[in-house]
Each structure stands twice: as C-alpha cells, then as structure tokens.
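J.: Each chain is listed here by its residues.
Number of protein chains: 2
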Amino acid sequence: MAEFPFRIDATDRDARTGVLSTPRGDIATPAFMPVGTAGTVKAMFLDDVRSTGTDIILGNTYHLMLRPSAERVRRLGGLHKFMGWTHPILTDSGGFQVFSLSELRKMKEEGVEFRSHIDGSMHFLSPERSIEIQSDLMGSDIAMQLDECVANPCEHGPAAAAMRLSARWGERSKAYFGVRESQALFGIVQGSTYADLRKESAERVVETGFDGYAIGGLAVGEGHAAMCDAISLTAPLLPRQRPRYLMGVGKPIDILEAVARGVDMFDCVLPTRSGRHGQAWTWDGPINLKNAKFAEDDTPIDPQSTCPASRDYAKAYLNHLFKAGEYLGPMLLSWHNIAFFQAMMAAMRSAIAEGRFEAWRAGMRQRWAQTSENQLA
Amino acid sequence: MAEFPFRIDATDRDARTGVLSTPRGDIATPAFMPVGTAGTVKAMFLDDVRSTGTDIILGNTYHLMLRPSAERVRRLGGLHKFMGWTHPILTDSGGFQVFSLSELRKMKEEGVEFRSHIDGSMHFLSPERSIEIQSDLMGSDIAMQLDECVANPCEHGPAAAAMRLSARWGERSKAYFGVRESQALFGIVQGSTYADLRKESAERVVETGFDGYAIGGLAVGEGHAAMCDAISLTAPLLPRQRPRYLMGVGKPIDILEAVARGVDMFDCVLPTRSGRHGQAWTWDGPINLKNAKFAEDDTPIDPQSTCPASRDYAKAYLNHLFKAGEYLGPMLLSWHNIAFFQAMMAAMRSAIAEGRFEAWRAGMRQRWAQTSENQLA
Numbered sequence: 247m248a249e250f251p252f253r254i255d256a257t258d259r260d261a262r263t264g265v266l267s268t269p270r271g272d273i274a275t276p277a278f279m280p281v282g283t284a285g286t287v288k289a290m291f292l293d294d295v296r297s298t299g300t301d302i303i304l305g306n307t308y309h310l311m312l313r314p315s316a317e318r319v320r321r322l323g324g325l326h327k328f329m330g331w332t333h334p335i336l337t338d339s340g341g342f343q344v345f346s347l348s349e350l351r352k353m354k355e356e357g358v359e360f361r362s363h364i365d366g367s368m369h370f371l372s373p374e375r376s377i378e379i380q381s382d383l384m385g386s387d388i389a390m391q392l393d394e395c396v397a398n399p400c401e402h403g404p405a406a407a408a409m410r411l412s413a414r415w416g417e418r419s420k421a422y423f424g425v426r427e428s429q430a431l432f433g434i435v436q437g438s439t440y441a442d443l444r445k446e447s448a449e450r451v452v453e454t455g456f457d458g459y460a461i462g463g464l465a466v467g468e469g470h471a472a473m474c475d476a477i478s479l480t481a482p483l484l485p486r487q488r489p490r491y492l493m494g495v496g497k498p499i500d501i502l503e504a505v506a507r508g509v510d511m512f513d514c515v516l517p518t519r520s521g522r523h524g525q526a527w528t529w530d531g532p533i534n535l536k537n538a539k540f541a542e543d544d545t546p547i548d549p550q551s552t553c554p555a556s557r558d559y560a561k562a563y564l565n566h567l568f569k570a571g572e573y574l575g576p577m578l579l580s581w582h583n584i585a586f587f588q589a590m591m592a593a594m595r596s597a598i599a600e601g602r603f604e605a606w607r608a609g610m611r612q613r614w615a616q617t618s619e620n621q622l623a
Numbered sequence: 247m248a249e250f251p252f253r254i255d256a257t258d259r260d261a262r263t264g265v266l267s268t269p270r271g272d273i274a275t276p277a278f279m280p281v282g283t284a285g286t287v288k289a290m291f292l293d294d295v296r297s298t299g300t301d302i303i304l305g306n307t308y309h310l311m312l313r314p315s316a317e318r319v320r321r322l323g324g325l326h327k328f329m330g331w332t333h334p335i336l337t338d339s340g341g342f343q344v345f346s347l348s349e350l351r352k353m354k355e356e357g358v359e360f361r362s363h364i365d366g367s368m369h370f371l372s373p374e375r376s377i378e379i380q381s382d383l384m385g386s387d388i389a390m391q392l393d394e395c396v397a398n399p400c401e402h403g404p405a406a407a408a409m410r411l412s413a414r415w416g417e418r419s420k421a422y423f424g425v426r427e428s429q430a431l432f433g434i435v436q437g438s439t440y441a442d443l444r445k446e447s448a449e450r451v452v453e454t455g456f457d458g459y460a461i462g463g464l465a466v467g468e469g470h471a472a473m474c475d476a477i478s479l480t481a482p483l484l485p486r487q488r489p490r491y492l493m494g495v496g497k498p499i500d501i502l503e504a505v506a507r508g509v510d511m512f513d514c515v516l517p518t519r520s521g522r523h524g525q526a527w528t529w530d531g532p533i534n535l536k537n538a539k540f541a542e543d544d545t546p547i548d549p550q551s552t553c554p555a556s557r558d559y560a561k562a563y564l565n566h567l568f569k570a571g572e573y574l575g576p577m578l579l580s581w582h583n584i585a586f587f588q589a590m591m592a593a594m595r596s597a598i599a600e601g602r603f604e605a606w607r608a609g610m611r612q613r614w615a616q617t618s619e620n621q622l623a
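Protein sequence lines correspond, in order, to chains A and B.
Count along the first sequence starting at 1, add 246, and that's the number in the working numbering.
Count along the second sequence starting at 1, add 246, and that's the number in the working numbering.
Each hint should be verified, as a subset may be incorrect.
When chains are identical, the list treats them as one kind, so a pair holds in a single copy or across two.
What the hints assert, rightly or not - Only pairs whose alpha carbons sit at most 20 Å apart, straight line, appear in this in silico SDA-like list of lysine to any residue:
no.: 1; residue 1: 569; residue 2: 399
no.: 2; residue 1: 327; residue 2: 417
no.: 3; residue 1: 539; residue 2: 571
no.: 4; residue 1: 327; residue 2: 572
no.: 5; residue 1: 288; residue 2: 523
no.: 6; residue 1: 327; residue 2: 544
no.: 7; residue 1: 569; residue 2: 313
no.: 8; residue 1: 327; residue 2: 294
no.: 9; residue 1: 288; residue 2: 315
no.: 10; residue 1: 420; residue 2: 251
no.: 11; residue 1: 445; residue 2: 406
no.: 12; residue 1: 569; residue 2: 362
no.: 13; residue 1: 288; residue 2: 573
no.: 14; residue 1: 536; residue 2: 322
Simulated from the structure, these hints should not be mistaken for lab results.
These figures come from a predicted structure and were not determined experimentally.
Work out the full structure, taking the sequences as your base and the hints as a guide.
T.: Okay, here's the thing in structure tokens:
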C-alpha cells in the first residue's frame, strides 16, 4: 500500500478536518466526491466541477468495465487521461452495482459472475480482477476492495455471511494489491445494522490493514436514524489516524451527522441526479425549480454564491428550462448542486477548524428540519 | 426603423465583408447566428457561445410565445435579460414554425390562427402581433416581418399567393413597427424557385423599405443547386448597402455559396442539432463520432482549434460519451460545431478582406466534394 499521508489539523468532539495527500493532489477533508459514473460527472464540464472546490471524483468500475471496458481505458492512457481529470480519482470495486443486479448475478467464493445490463454479455469480478481493473488498467488513485453489500433490512444470518465474505475478499484484495508507490487501497466494513457484525467486520478489516477504511452497506434502506447509529458504533473502531469514508452518502443532513461522528469522505449521485430532475439543494433545504411558484421569480438560487449557476440565473429561467426539457436546466442545476455540496463541506471544515462545529451543526439541523420535511426521510 | 449602420469594408466579386452596428454591439459579416430556440442555445453555456466568436444569436418567436410566453419574457425584463445574453438578438416572426403546423393552423388575410404543439391551446399571429411580441415584449434587436413560407417544390399559383400575402404583411409590419431608435426590422423576399416571383417579391419588399432584407423560402426542399440559383437571381435585386440574410441556412457548402452570391447573414440549427446527434463538422467535412472507427482514436477533432471542445477531448472519449448517452457528448459537439461554423465565417471574412475569396472557395469546394458525399445532398 501507499500510506498516503493523512494529516488531521483540528478536531471538534469526534469531527475532524485535515488533508489527505496523494501524488495527484491534496484532498481537504471532510471531502465530498462527485460521482463520474461512466467517465463523466453527468451534465458537467470538469473545469466547472473543479471550480466548485472538488479535490477528488469517483469513477464506477461496473459502468466503465462494461463500457468502454477497462482494457480500452488502459489503451487510451488510463481513466485520468480518458476523461481529462488530472486530480485524484477514487474508484469503487464494482461490487455495489453488481449486487444490485439481483436476477443477473451468480455468487461464488471466487467472485461474482454477472450479465451486463447493456448488452447481456457475461462478466466476472473477483477481488483480484477488481483491483486489476481499478489500479492496473484504469490507474485509480484510491481503489476499493470488492465486497458484498446487502440491502437493509437484512436478517442477521445473511448479513453475517456477506460481511465475512467481504472480509475474506478484503484479504485477497490486499494480497493482490501488494505495495504500490502512488496508489492506495481502502477496505470496507460491512455488517448491516448489527452491532456485533459491525464490530467483527471492523476488527477484521483493521487487522488486514488498509490505507483507509470505508463504512459500506448504509444508505440502502435503513433510514437516517439507523444509519447514524451504525456510524456511531463503527467509526470509533477504525484507526483514528487513517481516513474514514462513508460510501454512497448522502443528503446534506446525512453528511452532517456522519462528519459529527468522525467520517472524512463521502460520495453520492444525489447532487447531479437531483439537478437533472429540477431539484436544487440550498442552505434552506431542497427546492424544486419545476414548481409553478418559480415561474416568475427573477431571483437567483443564491446571489452570494461564487458559482455562476447559483448566482447568475433567475429561478424563472431555470423553471422555463426544465419545463421546456432543455439541456441547460440539468447543466445548471448539477453545477449548482455540486457547488452547494462543496460549499457545505468547506463550511464544515471551517467550523471544525475554528472549534464551532457543534453550534454550526445544531443551527443547520434546526434550519433543515424546519424547511424541508423530506430531508430526514 | 433604426437604420443600423452597415459598413462594407471589402468585396470580392459579389462577396462582401463588413460590420453591422447595433446598440448592443457590432456584428462582423458574413455572420452566422446560432439558434437559441427556446431561450437557450441547446446544450451550451452562452459564455461558450460568445467565446466562439458569436456576435448575434437568433430567438424563435413561435417557441417563446408559447412557452414561457412573450408577456412573461417581458415581465422578466425582456429576452436578453431572461436568457442572459447582452449582445444582439434577431428574432424570427414565428411564421415559419406556424406554417410547418400544416394541420393545426388556419390562414386568413388578417393573420394565422394555430394550435400549440405543447398544450393544444389556440394562438393568433398577425404581422402586428408578431412585431409586438418580437420588439415590444421580448426586446429583439432585429425583428423579422411575418411571412408565409411554402415548402418546395411548390406550384406557381400557391407560391405567388404566399409571396403576395407576405408582401402585404411586410407593409403592415412596417406600418406597425414605425420608427424606432434602437430596434431594426427586416423584410423577407419569397417566391419559391420562380424567377418572376422572386423579382416581384424583391421589388415590393424594397419598395416597402426595411433595415435589412432576408431571402426566405429556401432550404425547404429545393436542393443545393436550386437554392444557389434562387440566391443568384434574388441577391442582386436587394439594396447593395443593406444587409442580406439567408434564413435557415445551412450546411457549410450552402453558406459558402451564398456568401459568394452576396449574402451577409445566416442562421441554422444544424451545428447544434448535428452536435446532439454525434456529428462533428470539420474542414474535411462532417464525421460521425458514434462510428466504431473512433472508439480508440486518441486524437482530438481539431488540435489547432482555440475551442476546448475541439482541441482537448479525444475522439475515443466522444465516441464513448455518445454510446453511453451522456449529456457531455452533446455539450461538447454543439460547442465544437458552433466554433467550427464561426471559424469558417472568420476564414471567409479574412479571405474576402484579402481579395482571395474565390481561391479559398474553390479550395473548400474541392475539399468538401472529395471528403463528404452528403455535403451536397
């Protein structure tokens, strides 16, 4: 492994802020990673993604291995060159998407065989093949071990089996990955919402030893409160001096509560997906620009923002663009939402650095609870 | 009318280059106007449209009067403010789109009644209402008279009737428009492919007197050669000292031949529409980025271009984006195509200014004839 330096600059109770250093650049934490599923952060230019304060993006192994294929990405110079992003990229293992294909996959100890949702062709992912794709072929800066993620609620037996398979796959991932100068590998804690399984999983993953530790298997049906509980019991079991990454999360309130519990990294399709559907995230909660009440609202989403998409376009214009089905609507709201998420992360980092995170958190909780009933859904 | 100053700086046979000055900025001619149908140049940020060398864009009255409505555009500060474009805007009259609704419209001397393709609601356009929408409500810099455009081929009788109705509507448009300090009105010559009708139309439109003169009713089924013939016989009948605008044209070869015949302004959805469908226009003709031969082509469309979309993305990446149905594909190719069209206009302006347009034209004709069989289709 690479042991990318991780410097914690300040803490506020369990929350912490710092910098994870990689050969392709520093990542200020807590960090939000926009998702570039198929080699593009949907509906955005990468210069604009970068301008919002994005230090690292996420690429999906499942999508890229099917199209254009990991070998083709390799021949075209790796994922950074392919998509034109010179900063760090974290790739997932492909496991999460494969396990979502419930009808189309066949699990074995060796790995998982699955059918492409695009053309029906058969593919195989093992812990070793996943690292080969992520690190050797695509050139990911941070690779994730292959794991098995179960949907919540899940009975104890299947949750335990999936967690233990994930632990064995973690060992194989590390053995295959070996020691690399400029690439890192993260392990993943599973165990659904069961305290005993989370504990066993964390112990095994830490014993295996990784550059960073992810909390997987959350935001998959358990709800906000159960997610918070699972983070509360898992995060303290992970090495304080290494980055902690909560996979696939989430809404602003989820991120806020996870940061309060000591999580350093996040990824989620929410800002770009919401943006494509007309929803803008704001300091006062989400608003839907398709709503008729915005049809003659000549104010921008956020006049104080440094993001042109947030500052320079009237809500009435955005309302029109979504009603007319124009590309520019998703382009602007994806940009706005990524900018909002990054502004929120920056605000959290400042609050932690200045020892006022708990007050900031309480203020935001109150504000979001009042203004957006669906925030906590 | 406003009599926007039009200065012709150089000519080369019938081709001319100059500047049309408007209160919102100068327009270098020959000029290409990207089309912003519904208040947005599809899949583009206007800063990027501007950066390609675009001096003026076109807005579609038909689309905007239906959604968000001319009155709403007015309440939101006019079309420039609504869409965020501070440079000149030319609006069409709405007539062309209405006449395309063959089943949904009812013609009268007074104007045309039609049913919205969006919600089935009834609307009415007269010469006066069209100017009210374009100039009074939306604040267009250059408005077009309402006309009746027939599809080619068209029999002499109906072509004559439509042309004469257009001429009467031109008179009413001018009477309603009156004298305005900072807005202009262009008349339109019709007459299908008939020399006698084009001549009669040109004489009547010139007698009415406008700030500029459009050649309408072409690129509607007559083919390249017949279009060139119609331009050849119409352009010389229009005042030399005022701008000539060929509406809805066109392919690079069409624009080239029209410039050679003395046309100064063009608009067409081709670059953005082609871009959304994976087609890139180049100095060697159009290429289709969806073609499998580009799947591993790591060269950009044009390494010499100043446009990032043309210069910084490999064809293989564009091929992937279109195969994956990603927004970024249309975003990049729309940008590239507008940049290419504007580079082509700039090259024509330079060639005319330097007295080498005929040689340049011959070279391009040969190049395009060799490399793209569908250019002349």
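J.: Next step is simple, just say for each hint if it's right about the structure.
T.: Hints, verified against the model:
1. 569 / 399: neither (38 Å within a copy, 36 Å between copies)
2. 327 / 417: Classified as neither; 30 Å inside a copy, 60 Å across copies.
3. 539 / 571: Only inside one copy: residue 539 and residue 571 sit 18 Å apart there, 32 Å across copies, limit 20 Å.
4. 327 / 572: between (30 Å within a copy, 18 Å between copies)
5. 288 / 523: Both ways: residue 288 and residue 523 sit 12 Å apart in one copy and 17 Å across, limit 20 Å.
6. 327 / 544: between (40 Å within a copy, 10 Å between copies)
7. 569 / 313: For residue 569 and residue 313, the Cα distance is within 20 Å only across copies (8 Å; inside one copy 32 Å).
8. 327 / 294: Result: close within a single copy only, 17 Å intra versus 23 Å inter.
9. 288 / 315: Close inside one copy (19 Å), not across copies (30 Å); limit 20 Å.
10. 420 / 251: within (19 Å within a copy, 73 Å between copies)
11. 445 / 406: The answer is within: 11 Å in one copy meets 20 Å, while 86 Å across copies does not.
12. 569 / 362: between (34 Å within a copy, 15 Å between copies)
13. 288 / 573: both (11 Å within a copy, 6 Å between copies)
14. 536 / 322: between (40 Å within a copy, 17 Å between copies)
Of the numbered hints given earlier, the model fails hints 1, 2; all others are met.
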